[in-house]
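> Put the complex together from the two separate chains, hints included.
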Amino acid sequence: MIEWDNDNRILSESSAQKVLDEALSYAGKRGTVKIVISSWWGGGQRWARNAPTMTADQREVTFKVERGIGSSRGQAETNQIDSVSIKGAMEVAERYALSRSENNPLDKETDIAHWDFEGSNVWSDVTYNRLVTENAKSVNDITHKSIEDNLVSAGYIGNTASTALVYNCDDWGRNTTKWGRVTSGSCSVTVRHPKGVGSGWAGQSSYDIARWDVEKVADLAYEKCKLSLNPVRLEPGRYTTILEPQAVATLMSFLVGALNRVPPESGRASNPIYQIFDSGLRRHISKIGVKLVDSRLNVYHDPQDPLVGTHRSSLIRKVNMITQGIFTEGYNSIPHEINELNSNNPAIVRRSYRVDGGETSVDEMIKSTRRGLIVAKLDQAMPVDDASILLTGVTRDGLWLIENGTVTKSIRNFRWIESPLFVFNNIEQIGFTEPVFNQTWFRGPLTINFHDSLKNVVVPTMKVRDFQFSSMIDAI
Amino acid sequence: MKIITFCFLIFLSCALSSVCEGQTKFQAPDTIPNYASYKYVNECLVAVRRLYSQADLKDSIWKDTASPENRLDQRPISPEAIKHGRTCLQSLNLDTVRAAKRELEILGLILLLVDRDEDFLKLSKRMLDLAANEREWSDIYNTTSQLLSSARPTRLTGLKQWMEVSRLNEPAASIQARRLGMKVQIGLAALDLGEIETAKQMVGDIFKEIQGNVVDLKSSENRYYLNEGYALAYEVMFDEGMDSLKVSTEAYKQYLRNLWDRFSDAPFEETQEVTGLISPVLVGKYWYKNDWPVDSNGQIQPGSVVTKSNPEVRPVPGKINVLVFLGGGCHPYGQGLPTQYARYSSSASCWRISAIVKRLKKEFPNLQVTVLTKTFGTFGGGKPVDPEEEAVLLSNYILGFFSMPAVQAISETEFFRLPGLDRRRVDLDVQYEEDFQNIRTSTGIILIDEKGKIFHSFIHNSLKSREELMIRKKLSAVFSRLAQN
Numbered sequence: 000m001i002e003w004d005n006d007n008r009i010l011s012e013s014s015a016q017k018v019l020d021e022a023l024s025y026a027g028k029r030g031t032v033k034i035v036i037s038s039w040w041g042g043g044q045r046w047a048r049n050a051p052t053m054t055a056d057q058r059e060v061t062f063k064v065e066r067g068i069g070s071s072r073g074q075a076e077t078n079q080i081d082s083v084s085i086k087g088a089m090e091v092a093e094r095y096a097l098s099r100s101e102n103n104p105l106d107k108e109t110d111i112a113h114w115d116f117e118g119s120n121v122w123s124d125v126t127y128n129r130l131v132t133e134n135a136k137s138v139n140d141i142t143h144k145s146i147e148d149n150l151v152s153a154g155y156i157g158n159t160a161s162t163a164l165v166y167n168c169d170d171w172g173r174n175t176t177k178w179g180r181v182t183s184g185s186c187s188v189t190v191r192h193p194k195g196v197g198s199g200w201a202g203q204s205s206y207d208i209a210r211w212d213v214e215k216v217a218d219l220a221y222e223k224c225k226l227s228l229n230p231v232r233l234e235p236g237r238y239t240t241i242l243e244p245q246a247v248a249t250l251m252s253f254l255v256g257a258l259n260r261v262p263p264e265s266g267r268a269s270n271p272i273y274q275i276f277d278s279g280l281r282r283h284i285s286k287i288g289v290k291l292v293d294s295r296l297n298v299y300h301d302p303q304d305p306l307v308g309t310h311r312s313s314l315i316r317k318v319n320m321i322t323q324g325i326f327t328e329g330y331n332s333i334p335h336e337i338n339e340l341n342s343n344n345p346a347i348v349r350r351s352y353r354v355d356g357g358e359t360s361v362d363e364m365i366k367s368t369r370r371g372l373i374v375a376k377l378d379q380a381m382p383v384d385d386a387s388i389l390l391t392g393v394t395r396d397g398l399w400l401i402e403n404g405t406v407t408k409s410i411r412n413f414r415w416i417e418s419p420l421f422v423f424n425n426i427e428q429i430g431f432t433e434p435v436f437n438q439t440w441f442r443g444p445l446t447i448n449f450h451d452s453l454k455n456v457v458v459p460t461m462k463v464r465d466f467q468f469s470s471m472i473d474a475i
Numbered sequence: 000m001k002i003i004t005f006c007f008l009i010f011l012s013c014a015l016s017s018v019c020e021g022q023t024k025f026q027a028p029d030t031i032p033n034y035a036s037y038k039y040v041n042e043c044l045v046a047v048r049r050l051y052s053q054a055d056l057k058d059s060i061w062k063d064t065a066s067p068e069n070r071l072d073q074r075p076i077s078p079e080a081i082k083h084g085r086t087c088l089q090s091l092n093l094d095t096v097r098a099a100k101r102e103l104e105i106l107g108l109i110l111l112l113v114d115r116d117e118d119f120l121k122l123s124k125r126m127l128d129l130a131a132n133e134r135e136w137s138d139i140y141n142t143t144s145q146l147l148s149s150a151r152p153t154r155l156t157g158l159k160q161w162m163e164v165s166r167l168n169e170p171a172a173s174i175q176a177r178r179l180g181m182k183v184q185i186g187l188a189a190l191d192l193g194e195i196e197t198a199k200q201m202v203g204d205i206f207k208e209i210q211g212n213v214v215d216l217k218s219s220e221n222r223y224y225l226n227e228g229y230a231l232a233y234e235v236m237f238d239e240g241m242d243s244l245k246v247s248t249e250a251y252k253q254y255l256r257n258l259w260d261r262f263s264d265a266p267f268e269e270t271q272e273v274t275g276l277i278s279p280v281l282v283g284k285y286w287y288k289n290d291w292p293v294d295s296n297g298q299i300q301p302g303s304v305v306t307k308s309n310p311e312v313r314p315v316p317g318k319i320n321v322l323v324f325l326g327g328g329c330h331p332y333g334q335g336l337p338t339q340y341a342r343y344s345s346s347a348s349c350w351r352i353s354a355i356v357k358r359l360k361k362e363f364p365n366l367q368v369t370v371l372t373k374t375f376g377t378f379g380g381g382k383p384v385d386p387e388e389e390a391v392l393l394s395n396y397i398l399g400f401f402s403m404p405a406v407q408a409i410s411e412t413e414f415f416r417l418p419g420l421d422r423r424r425v426d427l428d429v430q431y432e433e434d435f436q437n438i439r440t441s442t443g444i445i446l447i448d449e450k451g452k453i454f455h456s457f458i459h460n461s462l463k464s465r466e467e468l469m470i471r472k473k474l475s476a477v478f479s480r481l482a483q484n
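Note that the protein sequences, when read in sequence, are chains A and B. Residue numbering for the first sequence follows numbering that gives the first Met the number 0, starting at 0 and increasing by one per position. Residue numbering for the second sequence follows numbering that gives the first Met the number 0, starting at 0 and increasing by one per position.
It should be emphasised that the hints constitute simulated quantities derived from the structure, not laboratory data. Incorrect hints may appear among the rest.
As the list claims (entries may be wrong) - Derived pair list, reagent style SDA-like, types lysine to any residue, alpha-carbon separation capped at 20 Å:
| hint | chain 1 | residue 1 | chain 2 | residue 2 |
| --- | --- | --- | --- | --- |
| 1 | A | K317 | B | L420 |
| 2 | A | K290 | B | L417 |
| 3 | B | K472 | B | N365 |
| 4 | A | K290 | B | G419 |
Since the model is a prediction, treat every value here as computed from it, not as a measurement.
Looking at chain B on its own, in the form it has when it is part of the complex (with noise of 0.2 Å):
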């Protein structure tokens, strides 16, 4: 009777069991995650970063020849991760959060995929705070440069550190050099901070440098600072330059005419200012597009859909076009992701772009998306593949992973190889690169109104939410002329 009964309570165990179902007993227990037996915020957070890894290995693309470093480096979070992270956040106060610094980077990720934008502001700002308490000085730096704008923190010492050394008042003769671009430093600081009167006291104080010739334009130091002076009027000015670009593109070009003379001597031509130029018509081989789908009530809702599509005119003509330029590459963690050179940059990421497009998607569902892209013979660190294949690989992560509401346009790149043994690979530039030849197309977003005229095109290293400010309102000053129209 014993033994019947130990063969019974044996068999009710393996039944209830996963481990009698065939399963191996180690097999990855983390891949369901239940969040009800998690108990502290860390380790759903550490969950979240498990499932984004694993959805990254199972991904067949590179799974069989990437090195396991650069598969990881490169991943992109899975739609099962973002659930879970939003799990995570409605158990988070984000203002007390504590947790490893990886791990918040993810869930600011994360935050940024799911538009979350002002809880992910109030992570960076919880990040900064844990790295200043901790006195981790270089993790100020490196994580709000992942998360944040990368000038940020730099500035925001830097306008403590500078006002300070104002204050010290010392003899204009010695600090002349410095001077110009100590105020600039303090004006871009202060609109970091919203702090605008500062901004705008510091612009009338360059402007009263120059023009009563107190600062030495020959010095090539000045030079510089004059043209970051010339950066920052521009902004603290932005709202009066918004006037001039209601009317037209050639009126806002003037605008900044005026405002190069008020600066300096020299011709505004030497600013190489793109404004006002007509943008040649894009040349793509490969066409995709993700178009949103359009709700019950007539409203577009972000989503993905990726087709191949056949070649388009790009900039659409009578349209308001953004062209978001991607051929530099774009990464998760904000360095680039498929090409072997954006690795080593710090260019603005796909994950910034793709939320700052979608945002404009939105608020102007009139706006024609164009991005670029190009190949480079190898996608995401993987095995080598042929540019139709990169182009799919390329279409999917741009337009399906990160939703972009946008055509593709990539070009492939033709090369050559260093001759002998070097053999290694020599991109030549794309069309799209010799006809923006004034503008980076490394990363970054042009804008091009309905005649084919551009009247932006980036001005910072990596899309500020500052850019992106000047960008909704250059949208909204462009669209209510054509409502008036």
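So that you can see chain A by itself, here it is in the shape it has in the complex (with noise of 0.2 Å):
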């Protein structure tokens, strides 16, 4: 009989162990065996035009196996765990093992060597034990507003809990097994005028929903949707620009994901830090050590900051891509860290990091603005020019115009065209650090790859001179 946590959301540790046992106590004697039992339970609610449209306590529970036979290999998957299931499994694993042709190359080792989620600090029990009915709670405080105001809201409030067990018995006799889990909690709140004239958009995500209020992320959006009631049309151009730390983070994950020291030392000339090729040195020059943005940002990487770190892996440790500026320290991989630098201590990025801020609060940015515009998000961000980062999108739920250190009017939404290059190169100031919603949170049973799905991002609000918009578009 198999346990499951309280009301059987997740399996257990000892749970997913006696599954282990038992499948591998149907394992044939020869070859390789990769078992991976993941369980997942996920509570979430989704409404629309101010009426749920769903409610989801969904959980979940694979088995998968990979059996490895010669140089050929098979895999089976079932969402049952019972002893017939589990039988099944292994044997169709082992049959597609021993029928397939050899044309699989046994020459990689299994991607056990990447797990790093094991003592992964991402587990909360608040957002563990936040149910589903707390959840419909807010959503119907929420709507009942809306509809009150007068205004439509949609959205979605979320928590996920989940956990696996990795098995890997590998072909020099090593056998390994993982445990991990892991929390997630999400919230996104639009609240549009029913008339199509105004959008207000606030969202957060966190490991521990502690960390935020629904309410008030509710209200924010309230807020903004009622601020950019009526928005009037405004001549494309450069502008002083604020950015809330949602806007920040899409163009900073930009510039984060090329500080890459691999493709441009290895001559990839096209890459954005990718600066020269030195004849008298025979090597490809990156950008490492060149002032990139302005003197005040720093970048960085830390596995132990809660916000942003989510593991303890022994590889992993701080990496300041972005110290006063200047490009510090980029991803490279261990092969490049070898030989290149004879040193064994890569700096392993991950996508989540954190900016620091300045102390420079909103109302002092707007009250120092003689003409400009507040934008809450740049959305639809796709790269134009890799060698600059020029990147292009659009603005959406909230642009507003300021004039004399006021907020005067809503503005229609622009299409923008700017490269982080350029804007954080042109900062006025820096305000306080957020974290900010994250729109690929992770969801679904673990994978092994768990980490790189992960984007936790904090960053602060930035005014920045000369933010270009390129056109104006008529959609709310």
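Right, here's the structure in full:
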């Protein structure tokens, strides 16, 4: 009898171990075996036009097995963990392995080597214990309020918990069993005017939902919606712009993603941090050590930072990607680190990062602006030119004009075309930091590459000069 | 009674089963392969490959830090795998074998290692046939570039194409630029095919065109083909040159000069020919040697007992010497072992060179072989090592694993780091690279006579069977001269 965690939501470690033991008893003695037993629970509420559209209390258990015999592989998967199903999956995997041609070279170490999930510190009891009924109550409050205000709201509130037990017996006689669990929570609220003349959005994500309040998120969305009503047309052009953290994160993530030493130093000249080929040294030189952005900016990834850090793997250390505007460390692969630097301490940069903030409030930023804009969100960002990280996209859910230190009116959305290298060199003021909403926040059963799906970002509000808006768009 | 019987059965099954001996259930069951249980050749090959992987991963040199990818790229084949490879080979018909390409590559490497060259060539031909039958034209190139000389298949294809073109008998004016190159290529491909008469005919045609001023030698393209044509003529007329080498290295150099003069009005010195130059005395910081043992019949036998030695005077005066440059590294797949740069190159591999050197040593026991390598701060993608430690690893790899019958001089590479945060390592040329700056010192072989004069430096990017044949002939000529004196 499998023992589930309370409410049959996720498998406990001992339960998963029992399933594993049973599965191993069905495996033949020849070849390799890899088993992943994962379980997932997700409680979510989705609503639109002030009415709930989905209430989810999902739970899922997955049993995956891969058998290797000779150089061929056979896989099987089931979402039942009774004896018959497990035995059947083991037999199917073995049968596939035996029947397939020998054309899968046995030359890859299994991805178990990259497993850095163990010891993860992204588990929160508060998140796990928040039930669907509580989410439903929050949704009820939000929708009632929007009905009262004659507005239309839509959004999602959800929290999940996942566990995984990974067993691997490889070709070299090593048996490893790893166990891990994570929680996640997210909330996204969009409030619009029924006639389509105004829209406001707010969102939050964290593994620990105690760090934010659904009501405050909703209030922010309401406020932004009301403030954005009846937008007026404004000529596109370069404006001093206050970028809210969500907008800053959109731009900064493209910059952080480019901070990889390996492509430019291997000679990829189209890389944004490629600098020059030094014929004397016969080396491609990257922009490491070069000032890339404003000297007030520090961008780093600290695994011990609960808001961005997600693991305690010994390979991962704090990586200072940008220090005082200077590109100080980029992602470096292990072979590149060993061969080129003769060092064994590579910078493994994740997509989670924090940018140090300043001490200027948004109000102060507005007060000090003679004429400018406030952008809540930069949406649909996509690259136009890789070498300069030139991006384009549209503004969404809030764009306001500032005149003589006061927010005067709401503006119709713009298409923007800009490079973070330009934007972050034109910073006037830096505000307080905030964790931002992560649209790709992890959902579903755990995978080995779990951490690649995390993008925990903490960034400040920024006021920048000459942000380029190229054209006006009609959508609100 | 039933319970007692049941317990007895349990006990019996445990006594007979390895699971009950403390072994984990899935503990690499194929580490002790029972070949009797393998039904098919493919399985046998796969088992060899598994051993190959396993042997490498158990190597503690790079286990803790190297990335799996890197580690797997640079593994040596273990003696155990070689042994089982031999078992495989006994039941294998190389003319008809059919297996995954990568398995066949491993098999080819094993064949090279156990000095079964004929079988190696046979297998290479089979791989070509397989690729051609399946119309995997990219595989033709990739496979054979790893196992056979890199240019051979393209030349074979080129020969057919160019022969067709030549039959078209285009007007000379329109194809003049291509004409010389075409003939050179046909000649070289004919050499590959063993069609010496065709090659000689092409050389004769080239001579005629040059002497009849048909070819415009001001064209850079034609000048390039001119050098190629010279290399072709050198090979085709090689036997004539050997007569001069039997006299002296100087006479051989004069022969080369005469040959060049037939080709070009440009001075012979432009060829940067190193034949006849005195070899500098070799310098190395760490010295190791591997002396092949002598059996009861007085014959040396391949083996590997690597010992650290004192600096020696190399090349040995009064002896015929071979210098083997492996500073560029080498790789089981033909790409380059312990260096970061060699990984991206496709220079001749240690496999091929070691096989050639071992054959030469067997044929000419008095040959003095010196291998020149240098340090890189890391070995095989493993954790950073200091030069002394790296020297041990290098000597174990070159002299031990490959059983090279040689003295190995290892130079400690001086380097600096790029300033600032870059910190990348930039190596300076070591002494032997400066001494032999007219010679490509990444990978290759040069021969030095008893007076210390160079009489052969490699002419191909990778050592091909043709070049080995030339080396053998040259050594025969020089040794016969020594015997007469």
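> All hints are to be evaluated individually against the structure, with a verdict given for each.
Do the hints match the structure? See the list:
1. A:K317 / B:L420: holds, 16 Å
2. A:K290 / B:L417: holds, 17 Å
3. B:K472 / B:N365: Satisfied, since the Cα-Cα distance of roughly 16 Å is no more than 20 Å.
4. A:K290 / B:G419: holds, 12 Å
Of the numbered hints given earlier, the model fails none.
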